[in-house]
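J.: Here is how the chains run, residue by residue.
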Amino acid sequence: MLRSTRPIFRTPSAFLLLIALSATLLFPACTAKGPAAPAVPADLTKHPVYSKYDFGDGSKVINFATQPLAAPAGTVGEAMAHDLTLKRDLDRLGFTIRFHPFLKGSDLNFFMDRGKIDVAIAGDMPTLLMAAKSAIRVVGVTSIGYGAVVLKNGTLVQDLKGKRIGNAPGSSAHFTILEALRRSGMRESDLTLVPMDVDDMIDALSRGEIDGFSAWEPAPSAAVQKVPGTRKIFRMTSSSYVYFSRSFAEKNPEAARRITASMIRSVRWMRADFRNLLTASGWTVAAEEALRSGEHQSSIEQIASVTKENLLNLSGVPLIPPNHLRAEGDLQNKFLFLKSKGMIPATDSWETVLSCFDTELARSLLSSPAEHRLDTFRFSPDTP
Amino acid sequence: MKIPVSMGLRGKMMAFFCGTFVVMQLLAILILFAGIPGTSFRGEYRQEQVNVFNALGSVADLKKAEMEQWISVLQNDARQFAKSDLLRKSVAGILHSGGSGRPTVPVPNRYPSLKEMVGLYGSGNVTYRSIRIVDGKTGEIVFSTRPSEIGRNISGESGYHRVIAERVQDYIEIRKDPLTESVSVSISREILPPTETPNADPIAMLQTEVDPEEMAAFILHAGEGLGRSGEVVLVNQDQFVLTSLKKPLKDGSIARPLKTRITAAPAKYAAAGAEGIISAVDYAGIPVLAAYRHIRVSSDLAWGMVVKQDEEEVLAPLRRRVVLFLFLSMATVLLTVATSFFLARSFARPILLLNRAAAAVEAGDLSARAPEETRDELGALGRTFNNMVHRIQEWHEDLNREVEVRTAELTFANEELQKEIAERRKAEEARERASADLEEKNRDLEEIIYVTSHDLRSPLVNIIGFNREVRRSLADIRTVIDRISLTAVERKAIDAILRDDIDPALAFISSGTEKMDRLLAGLLRLSRTGRAKLEVAPIDMDVLLGNILGTFEFQTKERGVTVLREPLPPCYGDEVLISQVFSNLVDNALKYLDPTRPGIVRIKGTEADGHVVYCVEDNGIGIPAGHQKKILEIFYRLHPVDTPGEGLGLTIVRKILYRHDGRLSVESIEGKGSKFLVSLPKMMG
Chain A
3 MLRSTRPIFR TPSAFLLLIA LSATLLFPAC TAKGPAAPAV PADLTKHPVY SKYDFGDGSK
63 VINFATQPLA APAGTVGEAM AHDLTLKRDL DRLGFTIRFH PFLKGSDLNF FMDRGKIDVA
123 IAGDMPTLLM AAKSAIRVVG VTSIGYGAVV LKNGTLVQDL KGKRIGNAPG SSAHFTILEA
183 LRRSGMRESD LTLVPMDVDD MIDALSRGEI DGFSAWEPAP SAAVQKVPGT RKIFRMTSSS
243 YVYFSRSFAE KNPEAARRIT ASMIRSVRWM RADFRNLLTA SGWTVAAEEA LRSGEHQSSI
303 EQIASVTKEN LLNLSGVPLI PPNHLRAEGD LQNKFLFLKS KGMIPATDSW ETVLSCFDTE
363 LARSLLSSPA EHRLDTFRFS PDTP
Chain B
216 MKIPVSMGLR GKMMAFFCGT FVVMQLLAIL ILFAGIPGTS FRGEYRQEQV NVFNALGSVA
276 DLKKAEMEQW ISVLQNDARQ FAKSDLLRKS VAGILHSGGS GRPTVPVPNR YPSLKEMVGL
336 YGSGNVTYRS IRIVDGKTGE IVFSTRPSEI GRNISGESGY HRVIAERVQD YIEIRKDPLT
396 ESVSVSISRE ILPPTETPNA DPIAMLQTEV DPEEMAAFIL HAGEGLGRSG EVVLVNQDQF
456 VLTSLKKPLK DGSIARPLKT RITAAPAKYA AAGAEGIISA VDYAGIPVLA AYRHIRVSSD
516 LAWGMVVKQD EEEVLAPLRR RVVLFLFLSM ATVLLTVATS FFLARSFARP ILLLNRAAAA
576 VEAGDLSARA PEETRDELGA LGRTFNNMVH RIQEWHEDLN REVEVRTAEL TFANEELQKE
636 IAERRKAEEA RERASADLEE KNRDLEEIIY VTSHDLRSPL VNIIGFNREV RRSLADIRTV
696 IDRISLTAVE RKAIDAILRD DIDPALAFIS SGTEKMDRLL AGLLRLSRTG RAKLEVAPID
756 MDVLLGNILG TFEFQTKERG VTVLREPLPP CYGDEVLISQ VFSNLVDNAL KYLDPTRPGI
816 VRIKGTEADG HVVYCVEDNG IGIPAGHQKK ILEIFYRLHP VDTPGEGLGL TIVRKILYRH
876 DGRLSVESIE GKGSKFLVSL PKMMG
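Line order of the protein sequences matches chains A and B.
Numbering follows our numbering, with no gaps: position 76 of the first sequence is 78.
Numbering follows our numbering, with no gaps: position 530 of the second sequence is 745.
Calculated directly from the structure, the hints in this document are not laboratory data.
These numbers come from a predicted model, not from an experiment.
Where hints are given, some of them may not hold.
[What the hints assert, rightly or not] Taking lysine-lysine pairs in the DSS-like style, the calculated list, with each CA pair at most 25 Å apart, reads:
#1 B:K656 / B:K845
#2 A:K234 / B:K806
#3 A:K163 / B:K483
#4 B:K730 / B:K806
#5 A:K310 / B:K656
#6 B:K656 / B:K806
#7 B:K806 / B:K819
#8 A:K234 / A:K135
#9 A:K341 / B:K870
[Unchecked claim] Listed below are several chain B residues computed to face chain A (Cβ distance under 7 Å; list not exhaustive):
#10 V383
#11 D385
#12 E388
All C-beta atoms in this analysis are idealised placements derived from N, C-alpha and C, irrespective of residue type, glycine included.
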């Protein structure tokens, strides 16, 4: 099993440039009042980090996109990256798997759209964006957590009035802040949404550049601990999923089965012993540090706690819960939100999204645990 | 606040003091309760609300943690029990004892060790409604704490399917007993074979059931901390209540678990996956402050929890404080009014007395004085005022004395002036009488001149006529004498008489009578000039001078005189008389030109101070300085021999101008030329 060399930002200015570039490109989506043309994505092939990734040049290389900045999705991804059973299974099928960390879901979707990424773990918004195009096959859930709006010196959503709030445009966190406003009878114009990446929000809050932010875990919990006077004033469920590109899943069904089995195995492994969870959390922190020039926003214990709360404590995971797919459920509301923001064409249907969720694959694997060695735990810290 | 101008000083001071105090106090109360916008100071009302919200949030978080802990305990209990070697061996034994793996006699007493084990399990922290073991192959209940259930096949139920068929390790669901309608939380858990074999298939399923109402009661209990209206409400994902509610619904009905769906915003939001704090209306239609939380029971099961307290109860202490504050404020305001009244009275009294003194002084009572009782600024002001009035009083007395002296002087001067006026009036009357006499005499003179000149002309005409007749008779005499025969001596003597005596005498008579005729004609003209009625009208002087110069055109050309005429301003007057004036002046100018140089006559005019001044200027022989006044006298001629005329021209001019309120002046240098300036009013009065 190979892992990409984790390049780091060589200078702070390069990192800032990335943030500014991302903010600039995503800003129109943030300020849009109604349906608008989807923003043209930046050419991430020239990204200072992603441009160094080696995606291979043959069909026998499986590229897996992870997100170490998001827990527990990042934890599951890191556990899978260290799963020797998966490596051996794929070896037997003649595949090599490479894990590539990404800062956010929209980035990894960019590469999946170009055929560079075969498997990904991403939040519900990136998943919906791909599912609306019928470009993926979703096989499992890796997080059932919360996006949260945090505010310094505030208790109610009404306290957001007139404040500057950090926000990742088009993300589930964006949906969370808008839901908070809607449920409190407020409008987007009542506050100032400051477009920024989630990994920069805590520092921005500490420096007083923003009064609060909307983000997914573990950033809100970390902010509450790090920045005095900060509170979570609103939370909204937010999930993340494992999905294959449709072409990969159709061409390589057995490899997809093995990778899905690894997802189940990784969850069971972390659930079996708290020490396993701490180990996987440690790998996640290391991956984040490698991606962010040695910085990390959450401790190992925080990541372990969030992973336990939002994944391991919930019976049934990583099977896709049927209620996620129900009409007028959380996922469909977010789908409609993305349509309203013009990020999903108005003509795309919810049925198309539903057709991308494969609830049977993981169930079939669970029914034959011996065959897929779901309880055979061989995780090596040295593997990556 | 605009204080009416008519309000007295005391009233203004009271209004100002009271108004300021009341405004400040209201502002302070407002700030105290409502906070300061744009700052972190929220005010008591908001802070109280925030405190309650925070307390509700904390309670909600605690309740949620307890609820999750409770679920976790259920899961852990099931997990530990299902994984215990003793249970797995016991279950394996039961399932194999009947050969087919099915108990032949479904009574619990048949398996005393399992019963004992389950009893031990069931005596923990959790009170289970039932604990059952289900055969993993058939789906039959092989053991249950409810003996009636043994033998019932549950292979068609979701719990059995998810755990045994789909191999979900544990599964939580809400179940409702179709018979009793009681709601229970059920946890299903796989039971693996006794041997530690990885990835082994389950041989049975452990299923436990608890009554949420009973078990969660201690969690859902609001307690004293939330007051008498505090309540914790639990709903499922579809907003159906899971436990009993404290109050009836809006329609008065009583909520029933899994039967009643509530649509209040907090429960709706919590069931939908949101968490927050809100001020809303609860299921009973009562305004509440609520914290709502989302509880994930499993990946597929979530509950909504609402911790709420009636707004009325929450804010009651604050409202009582507001009332108390208002009461105290009113009392303070009354106290302030009273204090302000006394203060205003104390402060205003010296000023009012000073004002009265000032009013008395203004009314003329300079004996009025202001009080000087106090040693403060008002006392000093009173002293200064009194000094000032004292000075004014002194000045007033001095002034009165001065006025008396001045008045006496003025009275004397006035009397003198009256005398002078009377004298002047007499003089004026004398002058007017003299003027009238003069005018009368002038009229008499003009009458005499007219009569004289008119009456003298008749005998003069006779003389002239008879003189001509004598000449003709003399000529006849000469003819007769020539015919008759006379001696030479006689003829010589007669010729001498005729030639040397009669002819010169007749010539002398003729010359004298002609001269007298001209003088009489001039006098008559002069007389008519003074007597003629004025026909005043605007005169275009350019036209008038053009006509006059036209009559002199022959003379000017013959004598080579250059006439320069500038545009002339118009004037008012009798056009015939004014034409006479300028004819005389032009005639004089031409008459007295210097024959040694080319003659130039210049005519111009200007306007100044309501008058029009015309100038007839020539470069003639000029007038010696000693004659310049005399030339205006009647019959005066500067060169009686060299020039024709009777010496009446300028006299007539002066007379005409006199009648027009105009005047004539002369500027002349002998040998250089003369200027005759005619001034006429621009408008006739």
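J.: Confirm or reject each hint.
T.: We went through each hint and held it up to the structure:
1. The hinted pair formed by K656 (chain B) and K845 (chain B) meets the criterion: a straight-line CA distance of about 22 Å does not exceed 25 Å.
2. For the given pair, K234 (chain A) sits about 127 Å from K806 (chain B) by alpha-carbon distance, which is inconsistent with the 25 Å threshold.
3. Note on K163 (chain A) and K483 (chain B): the hinted pairing holds, with a Cα-Cα distance of about 24 Å set against a maximum of 25 Å.
4. Restraint check: the Cα-Cα separation between K730 (chain B) and K806 (chain B) comes to about 20 Å, which is no more than 25 Å; the hinted pair holds.
5. Annotation: proposed proximity of K310 (chain A) to K656 (chain B) is violated, straight-line Cα distance about 147 Å (limit 25 Å).
6. Restraint check for K656 (chain B) and K806 (chain B): the C-alpha separation of about 34 Å exceeds 25 Å, so the hint is violated.
7. For the given pair, K806 (chain B) sits about 19 Å from K819 (chain B) by alpha-carbon distance, which is consistent with the 25 Å threshold.
8. This hinted pair does not check out: K234 (chain A) and K135 (chain A) have alpha carbons roughly 34 Å apart, beyond 25 Å.
9. As the CA atoms of K341 (chain A) and K870 (chain B) are separated by approximately 116 Å, the hinted pair breaks the 25 Å bound.
10. For V383 (chain B), the interface hint holds, the least distance from its beta-carbon to any beta-carbon of chain A being 6 Å, beneath 7 Å.
11. Interface hint at D385 (chain B): satisfied, since its Cβ lies 5 Å from the closest Cβ of chain A, which is below the 7 Å cut-off.
12. The beta carbon of E388 (chain B) is not positioned within 7 Å of any beta carbon in chain A (closest approach about 10 Å), and the interface hint is therefore violated.
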